[in-house]
Amino acid sequence: MKLHKLATVLAFGLCIFSALANASAAEDRSIRPFTVSIPQAALEDLRRRIAETRWPDRETVDDQSQGIQLAKLKPLVKYWGTGYDWRKAEAKVNTLPQFMTTIDGVDIHFIHVRSKHPNALPLIMTHGWPGSVFELLKTVGPLTDPTAHGGRAEDAFDLVLPSMPGYGFSGKPTETGWGPDRIAQTWAELMKRLGYTRYVAQGGDWGSPVSSAMARQAPTGLLGIHINLPAVVPPEIAAVLAVGGPAPTGLTDKERAAFDALSAAAKMGNRSYATMMGTRPQTIGYAINDSPTGLAAWMLGHPGFSRWTYDNSDPEKSPDEVLDDITQYWLSNSATSAGRLYWEYGGRSVVFAAVERTLEIALPVAITVFPEETYLAPETWARRAYPNLIYFHEVDKGGHFAAWEQPELFSAELRAAFRPLRQDF
Amino acid sequence: MSTASPAPNRRDFLATSATALLATSAGAAAFNFTSSQPAAAAEASSIRPFTVSFPQQEIDELRRRIAATRWPDHELVSEAASRRTSATLAAGDTQGVQLATMQKLIQYWGTEYDWSKCEAQLKSLPHFVTEIDGLDIHFIHVKSSHQGALPVIITHGWPGSVIELLKVIDPLTNPTAHDGTAADAFDVVIPSMPGYGFSAKPTQPGWDPVRIAKAWTVLMKRLGYNRFVAQGGDWGALITEQMALMAPPELIAIHTNMPATIPPEIVKALAAGSPPPADLGPDEKRAYEQVAFFYKFGLGYANEMALRPQTLYGLVDSPAGLASWILDHDADSYALIARSFDGEPEGLTRDDILDNITLYWLTNTAISSARLYWEHRQTAKAGFFDAKGITIPVGVSANPSEIYTAPKSWTERAFPKLLHYGHPAKGCHFAAWEQPKYFTDDVRASFKTLRTA
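Heads up: the sequence lines are chains A and B, in that order. So that you can map any letter, position 405 of the first sequence is 405 in the working numbering, and since no number is skipped, the others follow by simple counting. So that you can map any letter, position 231 of the second sequence is 231 in the working numbering, and since no number is skipped, the others follow by simple counting.
Please keep in mind that the hints were generated in silico from the structure rather than gathered at the bench. Worth double-checking, as some hints may not be accurate.
[What the hints assert, rightly or not] Taking lysine to any residue pairs in the SDA-like style, the calculated list, with each CA pair at most 25 Å apart, reads:
| # | chain 1 | residue 1 | chain 2 | residue 2 |
| --- | --- | --- | --- | --- |
| 1 | B | LYS268 | A | ARG54 |
| 2 | A | LYS267 | B | THR379 |
| 3 | B | LYS104 | A | ARG54 |
| 4 | B | LYS381 | A | ASP311 |
Bound-form chain A, shown alone:
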């Protein structure tokens, strides 16, 4: 981390990057140990701000059509400011080995867990927005220690979980150009720096275009990818969706269902947040960097959360699950820098095959379709989009945040998807 950036971070009283003192201004390829340690003052400031939340009046409708409902947000924010304990989240992430390394001028934070099993397959897994490494933590056990989670020793992975530039504990880019392609190049360098000569990549949400860009770039050592938000929508369907047209004739039932889901999402305005961050990330940034409640509402506006209850009866969708993630955005002051990824991508959708240039991917691609994802990729479209599709499976549980919601099932999918590639390993 450059000194002026370090000074900025410290001035904000946010994170102490425990290993940063060792960073030099020169090209530093070292991998430094890292521990999350948020100053108490930052946590107290957060609680104070939460307690002082100034609320708007209630929405004028009885559903989610005007956005996050007041009666739903208030209890979550109240719990955030009283019962919620960030130190538990910090302890959870600090039980894992974390590191920092500078690539292409940006400090990259990553969790790196090696399996005890020999010949474990190295896997780099990428989170999305409004996610973070927190959405992936529950897969660490199943993936690196499969024998303790219903798997076999030969299913083991060495796991690398980086925070994307501008996200979480990674540095914030100070120049434009940090889209999925550049992140993909950075991940290849990271894996190389870790000494991995054969590995695979995985991602949902933004992790999908990042993993796909890696596959397109095909760096030495990358064997294949698994994605859970694939870009299968064919160009002729994308063209109809772009103008809000009716469903074309001749679609199969699953294609029609996918078309209807995407069309309805567009008409209901599910992508308004992406439009805003895709055009003016800085403008919305001031509000969500200054208001914890504003940040929480903005992040919960993602349709992946629309059916989450934040109910303690559901351990996968409890208040702590989302608040760990939201709190990390707050404490790392990364709401604006994270939003810029949409701007880098020009607000384009990541599910259109042409946008993702899927036909240029020659490496093996595996896809799992989770039933509550924002649209269900039909196999017919997937086979058209990805010429080297080695695995396609529809499972019966899980949504947009598959690793977060169904870590065991998600891990089982990765084991099955990557099994054929281990022969090359």
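For this one, chain A is given, so just place chain B on it according to the hints.
Here is chain B on its own, set in the frame of chain A:
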């Protein structure tokens, strides 16, 4: 990240849907009516005096929050790119309101800026509240001292308020002090839209521009005006045009400084994302390009408010968040405002800008005002700038730095009874606020011939 269409889709944004329009109940105002009476059912139509007054503790609380602003990091694009106006702005130039501008604004707002001056100015005007269609509507009402003054109802927009119209009150009501004659005099009515400023916030859906337009006619008649004109920019233009479409017999003409003139074949070409049709004249081609760019890259804020206004909690909890949201309306007005915080005011001073933002803050109306975009999306039959078939007389100001400058050819087609096509030398989106002289000239010129009727 999500999964639908790739860009702000204009058709989606403007889509209409069949939504039952429910009656609203009277909304409680979030501020103090210091001299108004509770709206008893029997006196619903009474007109009550209203005094603007905010407790000092709310001003202190605002200053405290301003001082505690927690900043994001610097945008990644240059100042020059961020300030490009619609003539040269390209995709990817701006990431939104610049950190340096925001820091200057916040510094000034939290220290030197003095709301009490604005409050005193507001207090010097006659304010009233009356209940219309179940909602308390606030308005300023200034009568001219001249006989035969023409009554005009002037409607603000978003992110405006009655504050954007204060500079034209005296020129319109007291023309002999402002280069006019007694025959140029107006009686001026300036309401706050529902959910804005000192009007109540609707608690039920249904307060779309059509309903507001109906309420304005009720208001003017309640004031005893049986022959009046209407004026507006931004939402005010849309509401004024809705009044013209209803054409109540009392409304004899309108003036708009954001005229909706786009002809149907151009609307289609824009919706299809086509390049400008080959047969357009130079003014038409420029207008086409301005609108196309705005729809594609400039509508993020409007899109968000039309689709998810309630998600914008940060705007009512963070003064900086509110200010940046309000500054980022359109490229040209943003550049103008940013220059004023650089010490180069032109049209709008720092106080002008902060008076308006402070009003939004103190009345806690960021989200209630945003809902107008949502309401419009439920019932709109056409886009903001699409010609709507108005047949009553219309006067127009086509400002050179408006979101689009309405070409004379389109304006003549859109308004068959065109009274006046004003083309001021200067002016962005907030014409009355920035260029009250040009604005007043155009309003006078537009309605001049109607005074002898």
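Hints versus structure:
Among the hinted pairs, B:LYS268 with A:ARG54 is inconsistent with the structure: their alpha-carbon atoms are about 43 Å apart, more than 25 Å. In summary, the hint linking A:LYS267 to B:THR379 is supported, as the alpha carbons are separated by about 14 Å, within the 25 Å threshold. Between the alpha carbons of B:LYS104 and A:ARG54 the distance comes to roughly 24 Å, so the proposed pair stays at or under 25 Å and holds. About 41 Å separates the Cα atoms of B:LYS381 and A:ASP311, which puts this hinted pair outside 25 Å; it is violated.
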